[in-house]
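**Q** Here is how the chains run, residue by residue.
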Amino acid sequence: MQPMISAENLRKTYGTLVAVEGWTLDLYPGDIFGFIGPNGAGKTTTIKMLATLIQPTSGSATVNGIDVVRFPREVRPYIGYMPDAFGVYDDIKVWEYLDFFCAAYDPPKESRPEIIERVLTVTDLMEKRDAYVQTLSRGMQQRLCLAKCLVHDPKVLLLDEPASGLDPRARIDIKKLIARLGALGKTIIVSSHILPELADFCNKIGIQERGKLLVSGDVETIVRQLQPTRQLMISVRNDDSAVTRLLETLRDHPLIEKVTRDTDTPYTVRVAFTGNVEQQAILLRSLIAEEHPLTSFAESAMDLEDVFLRVTTGKVH
Amino acid sequence: MSHLWRYLLRENPMQIETTRAIRRFTVSGDYTATTQRTITRILFGLLYVLYAWFLVTIVMYKDDMSQGILWFEFGLLTLLIPGSLYTAISGERERMTWDSLILTNLSPSRILAGKLLWRLSLAGIIMLIFLPPLLLTHCTSHYNKSYALPALLWIQFLLAAWCVFLATFTVYISANTKRSVATLSIVTLSLLFTLVLLPMLMSVFGVSMTSDSAFTQGYTYGYENTRPPTAWIVSSLIAHLNPALVILWMENSSQTMISSDMWRDSGIFLIAPFLYLIGAGLCVAGTLKALARLGMPMQATRKEKGG
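Quick note, the sequences are listed as chains A and B, same order.
Mapping of the first sequence onto numbering that gives the first Met the number 0: position 86 corresponds to residue 85, and the numbering continues sequentially without gaps.
Mapping of the second sequence onto numbering that gives the first Met the number 0: position 136 corresponds to residue 135, and the numbering continues sequentially without gaps.
So that you can see chain B by itself, here it is in the shape it has in the complex (with noise of 0.2 Å):
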């Protein structure tokens, strides 16, 4: 185990990309483009007020402000997760230093561990710092609280692993795009079908995916007297398994309502974050494979440039 972690971490040169994130992000000098800088400065400060925000309303006014962090968290890490890793792979292709990476003895692994450290730790560092505003607010709120105390900690749990998976389906399609906007289409279209448009979809064709499941009623629009088609239980299944509904649906006042959809009231929800897990492993395995066939000569099917 320790072997394994001087490999892939300690001793891993690719950590020289933690140093690059690092120094891109807060070392101030000529070296770096001031564009880039500025726009970096800005959108922290602009979270740096948020979190002010956050810390004032739940001193001040003592409200349960759990779900609007979460959600919050959930949000900046979906965005953040794909917008650091999409160039992970293609990027190094569409700037030319991947023949020189591939022609030195460093392993697919040791390349992956080194693309997803700075990027999961930056991750890491958020749930972090967003822990001591929500166990605040959990322990000051004047009202019913959101979420009892394990249910907290059941979505800190379910976010790490919603990252993982995320970083990890990231770098598999930058393993096996040749450009990085490509990546970031492919990643920016399945995030939106299956966190937006899916539930969307479902809930046209009667799975109910709000906490006021009371009203709309009935998964089985349809299929009352019938099995459902096996496409509509596995779309119904991705759709129960966003994280943004996970996170609406462990709220304490949805546990009371009346759920008449099948995979809530199996509670499938619950395993959300293993299977995201298996999902990671799934894309770390397939990277590794994409990184394997990627370090071989290729079989280029076009004139490469150049005489």
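Looking at chain A on its own, in the form it has when it is part of the complex (with noise of 0.2 Å):
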């Protein structure tokens, strides 16, 4: 399957400042990468270059097997791009600002109402449709601006910190909307520096600090990329003695790489085991049939703040 964005070494430098360095992907329909990074970590700037506003110094990059270097306007019809910083058109209408960009883009005209009507009902502005744009909150802004991404329907979908300055109402509901989209296979970047925010509903994840695209995939694989053994937290009844006797059985495990005793939970020990899941619950069973008084057993997930913690090192350009 031909990737819908493709990009190889890109490259951008500001005269001696390098804001993005060998920046390699492949996206394809229906992924949604989420884009980590800090502020200052280049991640508009390579967002600019696939939405073709910026030339890559060095590189190239594809969208739908197009470059866009070479081709930008053949490029952006592909695209709905949302910068992280936009403006709004005073004095009009939600539906008339939407009819503008639905106009520019050329489509048959007895088609723009229903394309409207699509696009405000999937961003739930259909209640704002007859509002100036001026009047509406930050969050339906944001909204609005995503609507006009898609009026074109693109195939690719550039969101440059799309929640960023949104109450938790507000984001909840754009986290829900990229989701939405995603579901009906447009390919999503969308960049953010709040873990969170991405952890739930990007089935892929880049982790860029100072212009270098540090990790990049699925969440699980980097997960295991980084974390190679499995971290089991076993708990056991409020006895020291119980707690002692089970350092001594899993001590002599082969497939145990380390134990130590949890310091912040009580009557906790913490195992790094090598094993897969099946062996996972042949250890649980061996632990019952030797009477350890169990009162859980649980695999502690690697979760996006570990990862990002684990490969930056907090440098910023």
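Treat each hint with caution, since some may be false.
[Unchecked claim] Computed, partial: chain B to chain A, Cβ under 8 Å: (1) P12; (2) I15; (3) T18; (4) R19; (5) R23; (6) N104; (7) L105; (8) M295; (9) P296.
[Unchecked claim] Just so you have them, the derived chain B footprint on chain A, three or more residues with Cβ under 8 Å: (10) 41-55; (11) 102-112; (12) 181-188.
Because the hints were derived from the structure by calculation, they are not lab data.
Just so it is clear, the structure is predicted and the values come from calculations on it, not from any experiment.
Glycine is no exception: its CB is placed at the ideal position from the N, C-alpha and C atoms.
Fit chain to chain and form the complex, with the hints in mind.
**A** Rendered as structure tokens:
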């Protein structure tokens, strides 16, 4: 299958400053790529290169197989771009704003009302159809901007910090909306410097720091790469002797790399387990058979925050 | 031709600019900045008063007010057009709507046509509003008429051409600057220089700029026996294309005076409207080129905002 977005060694420099370097990535239809990085990591520059707004210093990128540098005008109909900071036109109504952008993509005139209805429905703005754009709240303007990106039904959405500056409710709304668009088969790149924003709905992530894409791929694979062992948390009844007995048992197990008593949770041990899920089940069965007074046995999954902290250094340009 | 009309005007999405402008100045409601609307209404109110004064003076006193009306019309249009256009392109970039605009299928010519449409329409409406009092004062004046009727109509054509030039020049500057304030400064300084400073400077160097040229004499001051430098000739020519002066020179009385100015002798100011239109054509070409360049991926030279 041909990737919808493909970038090979993208590089952008501003004088001596290297904003983006060695950026390589393939995304396929339906992928929602969470693009994470601290402020100043080069996320906006990367997205703008893919959106045909900035010319890369070197490297290549294609959208739907079309070179973004050589054929920007041909690429643009496939892209819906939502900048991190955007303006709206005053003194026009929501539907007029959308109709303007819809007309600007030259669809048949009679199809425009239907398109506007559709994007208003998708973005939950139907109630605000006749409101003036400058009267909308920040969250609604974000949704309007997203609606504007959808009027030409693009295959690719490039969303730069779509939830920035929004209150928690509006953040949730925009996250749901992006997830819904991903379900429609669109390839989405969504950038953020706030991890929980992306964790819920992205099937792929990339972590960028100082212009370099440090890791990228699906969340599970990245976690496995960074954490080859499973972290098990095993708790026993409130009894120190039970904990000691459990530690002794586990230390002798061939699939256990490391066992430590957890300092945060009482009567709990942390286990670095090298086996798979089946072997994990066998371990549980053997502990029960040996009559350890278990109260819980769970895998502690590494989350995006752990991954981020593991791969980044905290340095910026 | 009809395709071009449809493409650039009737079915141009940029017509939304006209809708926005009409709403900004006319519609009441809570969505528009009240201060802006109040100021606009006060200005329009003053214009109504002035217009009424023109009419009353014409009807009651039978004075020939044509030169006053023409200068007022010229001044109003010269302020209004750059004032409404200086944000045309640089303003889009400032309020961060430009990126969205260039990612659409809109061509530079459609963007430009949309930007110019309502401003030039407004200029046309103002000229039409001033035409009846001009004709009235011409027909009812008791005394010698300031202008022959063809001259009066010719000046209307001159003003229309001036408006087109001024509008395209302002958009050209707007497309080539990043800040609206820079656009406004450049346009204002250019107008001040060509309409005020240059004629004054040329007067110092012996080019007569007033209708009483019999007194000031001589365009060849200092160059009686030699060919004037090219810069002098060009400056003098530009000074003579000043619409305010053309309005003055086309007055009947000035034609009777002995003029010793080489440009005026040659009647060069009669081709002024055509030169404005040529200038407008060049500005349009320059603007389209600038818009095409702005529509391509930028070779940004500084770090963009954001991560």
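**Q** It remains to establish, for every hint, whether it holds in the given structure.
**A** Evaluated hints:
The beta carbon of P12/B comes within 4 Å of a beta carbon in chain A, closer than 8 Å, and the hint placing it at the interface holds. Proximity of I15/B to chain A holds as hinted, the smallest CB-CB distance being about 5 Å (cut-off 8 Å). For the restraint placing T18/B at the interface with chain A, the shortest Cβ-Cβ distance is roughly 6 Å, inside the 8 Å limit, so the hint holds. Contact between R19/B and chain A, as hinted, is supported at the beta carbon level, the nearest pair being about 4 Å apart and thus within 8 Å.
Contact between R23/B and chain A, as hinted, is supported at the beta carbon level, the nearest pair being about 5 Å apart and thus within 8 Å. About 5 Å separates the beta-carbon of N104/B from the nearest beta-carbon of chain A, less than 8 Å, and the hint is met. Hint on L105/B holds. Least Cβ distance to chain A is approximately 5 Å, under the 8 Å limit. Taking 8 Å as the C-beta contact cut-off toward chain A, the hint placing M295/B at the interface holds, the least distance being around 6 Å.
Of the supplied interface hints, the one on P296/B holds, with its beta-carbon coming within about 4 Å of a beta-carbon of chain A, less than 8 Å. For the stretch 41-55 of chain A, the stated coverage by chain B is satisfied: 11 residues place a CB nearer than 8 Å to a CB of that chain, which reaches the threshold of 3. For the stretch 102-112 of chain A, the stated coverage by chain B holds: 5 residues have a C-beta nearer than 8 Å to a C-beta of that chain, and at least 3 were required. With 0 residues carrying a beta carbon less than 8 Å from a beta carbon of chain B, the stretch 181-188 of chain A misses the three-residue requirement, and the given coverage is violated.
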